[in-house]
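Engineer: The primary structure of each chain is shown beneath.
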Amino acid sequence: MKRAWLLRLAIAVFLAAVPWLVTSPYHMHIINLVGLYTLITLGLNILSGYTGQVSMGQAGFMAVGAYTCALLMLRLNMPFWPSVLAGVLLAVVCGLAFGIPAMKLRGPYLVMATVGFGEIVRLVLVNWVPVTRGAAGLTGIPVPAFVGLRVSDERRFFYLVVALVAVGVAAALRLSASKIGRALVAIREDDVAAEAMGVPVNVYKVAAFAISAAYAGLAGAMYGPFTSVASPDSFTFDDSVGYLCMSVVGGNRGVWGALVGAFALTVLSELLRPFQSYRLIIYGLILICTVVFLPQGVTGLVMGLIRRWRRGSRGVRGERE
Amino acid sequence: MQYVLNGLPMGAIYALVALGYSLIYAAAGVLNWAQGDMVMLGAYLGFTLYQVVRVNFPVAMLLAMGGIALVGVLIERGVLRPLRRRNSPPINVVIATLGVAIICRNAALAIWGPDAQPFPPPLGSRTVEVGGLRLVPQDMLIVALGVLIMLMLQYFLRYTREGKALRAVAQDRMAASLMGVHAERSDAVAFAASAALGAAAGALVAPLFFVTFSMGAAIGLKGFVAAVVGGLGNIPGAIAGGFALGVIEAAASGLISSGYRDAIAFAVLILILWLKPSGLLSREARQKV
Chain Z
1 MKRAWLLRLA IAVFLAAVPW LVTSPYHMHI INLVGLYTLI TLGLNILSGY TGQVSMGQAG
61 FMAVGAYTCA LLMLRLNMPF WPSVLAGVLL AVVCGLAFGI PAMKLRGPYL VMATVGFGEI
121 VRLVLVNWVP VTRGAAGLTG IPVPAFVGLR VSDERRFFYL VVALVAVGVA AALRLSASKI
181 GRALVAIRED DVAAEAMGVP VNVYKVAAFA ISAAYAGLAG AMYGPFTSVA SPDSFTFDDS
241 VGYLCMSVVG GNRGVWGALV GAFALTVLSE LLRPFQSYRL IIYGLILICT VVFLPQGVTG
301 LVMGLIRRWR RGSRGVRGER E
Chain G
1001 MQYVLNGLPM GAIYALVALG YSLIYAAAGV LNWAQGDMVM LGAYLGFTLY QVVRVNFPVA
1061 MLLAMGGIAL VGVLIERGVL RPLRRRNSPP INVVIATLGV AIICRNAALA IWGPDAQPFP
1121 PPLGSRTVEV GGLRLVPQDM LIVALGVLIM LMLQYFLRYT REGKALRAVA QDRMAASLMG
1181 VHAERSDAVA FAASAALGAA AGALVAPLFF VTFSMGAAIG LKGFVAAVVG GLGNIPGAIA
1241 GGFALGVIEA AASGLISSGY RDAIAFAVLI LILWLKPSGL LSREARQKV
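These protein sequence lines map, in sequence, to chains Z and G. The opening position of the first sequence corresponds to residue 1 in the numbering used here, with each subsequent residue numbered one higher. The opening position of the second sequence corresponds to residue 1001 in the numbering used here, with each subsequent residue numbered one higher.
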């Protein structure tokens, strides 16, 4: 128990030090992006890792959060946190509204419906010019402020993002350890059997959609102030696909896979920048190799290695005795 | 009536793409998210043969279909087969084909550059008026060749050895394997055929738009909508879904607003999925492939 707290303290100290170790604002920007992506991927992992539902429309929920938050701040001069809360709530409402008709859908049909949802949101943003200003997007979104302290640079934003990710991770861990989490896993393994065991499958499936929408909505609400812009270009099908890739590459069966996936793919795409036009070709190849050779994602590989290492070290000790 | 007529060419294109999705889904049980990029590659290859090498249009189209069919086989061998042999979860197959799409798109960008290429319509662009209806030669060519290709596909599936094997695998993979059908070979055939269908769609649609490296995404998505509306894995359904989508789109852009055209297509999709969760022509017709 003590060791666990020491580890947590060490992580906290390390995270607090990150903005002072990373000197380039650009790198800081990337790290903050990883934090926002982690939030979205966490939601996706709860959705697909626990109930086996796949969403390729997560950018749609993100857009709902981003535009709601930005519009409330810009047009009604609402303060930051109530606007964020409203964005998250509206995303949840969309998640419910979408999840209820979608609970009947399976496999490719569900994927297609989520794609449709994401595209409809984006097209409404492009076309509803009087409110959303169309393709130009909303600009000049104010930065959040706490008791006079404005989150005006990447360094300060980092602490905000880290706090949110920590809350998100804690909530997801709590959820997975709870009765609800176990019910969700039962649904993933066999939803007919789960239903027979008295798990209200449809309620949980819809709830998982709402939860994933909340995570995406929160990330979206943060994205506006973070870049000071909210435009339809930031919430496309390709973005949704990217988040799904993060979830699968990291490993979608647990909470940590979300962090690993968001970090791995964001950093990979930055590392490949020197390759210029071949960059995304290499990225695609690595993506394919990962899903072919690591069916459980990067965390699956790491967990497997740790298990093997533990078994191995125990074996060595056994020989000595 | 004019809306129906306007919708038919794009409907034929969507139907060809939808057939590609359905063939692979029926035979191999997977979704190929790179199908739209087969359309894009077909358009580029057709463009290169027609405009740079300067062969005539039908030859260019056939060569493009053959060339992209090879790409399809390559995808099956290089990506799908290793995944199947490892028993990977379906989501991994989805991500892998998305990876293929990324590679195709950026390879095209590297080869042909970022500029949109104009593709002159092989029959000229003068409109003909028949009984108060405006007809565009390229539109008629698309519908005619599109239907011809669909008939050829039907012939292939019904009367050739490979086609029959593919149908057997689509109906029951295990039983077909036990009866001596080489299921993996059928997967390759399905990928080749659907890539060729995509390439045909690409070569036909290119004169309507410019050829760009990113054109596959939108057409691929619409073709997928058509396939799902008709019931995935269902061949007549894919054709019906494609034409229905084309006409709905033409009517929506004419009657409501062209900006919301795509949104309407997706709204129709979600509505259909809501009412009938496995597509309009599913279950009963599904076994026929």
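Honestly, the hints are just simulated from the structure, not real lab data. Please note that a few of the clues may not be correct.
Unchecked claim - Facing chain G, a subset of chain Z residues (Cβ under 7 angstroms, in silico): (1) 97; (2) 101; (3) 103; (4) 109; (5) 119; (6) 129; (7) 146; (8) 199; (9) 200; (10) 280; (11) 292.
Claimed, not checked - Computed beta-carbon distance windows for the label pairs: (12) G:1208 x Z:101: 32 to 42 angstroms; (13) Z:270 x G:1086: 48 to 58 angstroms; (14) Z:75 x G:1129: 43 to 53 angstroms; (15) G:1113 x Z:272: 55 to 65 angstroms; (16) G:1182 x Z:272: 35 to 45 angstroms; (17) Z:203 x G:1133: 22 to 32 angstroms; (18) Z:195 x G:1156: 34 to 44 angstroms; (19) G:1180 x Z:179: 48 to 58 angstroms; (20) G:1208 x Z:135: 14 to 24 angstroms.
Quantities reported herein were computed from a predicted structural model and do not represent experimental measurements. Quick reminder that beta carbons are idealized off the backbone N, C-alpha and C, glycines included.
Engineer: Against each hint, give a clear statement of whether it holds in the structure.
Structural biologist: Taking the hints in turn, this is what the structure says about them:
no., hint, result
1, 97, "11 angstroms, violated"
2, 101, "4 angstroms, holds"
3, 103, "10 angstroms, violated"
4, 109, "6 angstroms, holds"
5, 119, "5 angstroms, holds"
6, 129, "9 angstroms, violated"
7, 146, "39 angstroms, violated"
8, 199, "21 angstroms, violated"
9, 200, "19 angstroms, violated"
10, 280, "4 angstroms, holds"
11, 292, "5 angstroms, holds"
12, G:1208 x Z:101: 32 to 42 angstroms, "34 angstroms, holds"
13, Z:270 x G:1086: 48 to 58 angstroms, "30 angstroms, violated"
14, Z:75 x G:1129: 43 to 53 angstroms, "50 angstroms, holds"
15, G:1113 x Z:272: 55 to 65 angstroms, "20 angstroms, violated"
16, G:1182 x Z:272: 35 to 45 angstroms, "39 angstroms, holds"
17, Z:203 x G:1133: 22 to 32 angstroms, "53 angstroms, violated"
18, Z:195 x G:1156: 34 to 44 angstroms, "42 angstroms, holds"
19, G:1180 x Z:179: 48 to 58 angstroms, "51 angstroms, holds"
20, G:1208 x Z:135: 14 to 24 angstroms, "23 angstroms, holds"
The structure fails hints 1, 3, 6, 7, 8, 9, 13, 15 and 17 (numbered hints given earlier, in ascending order).
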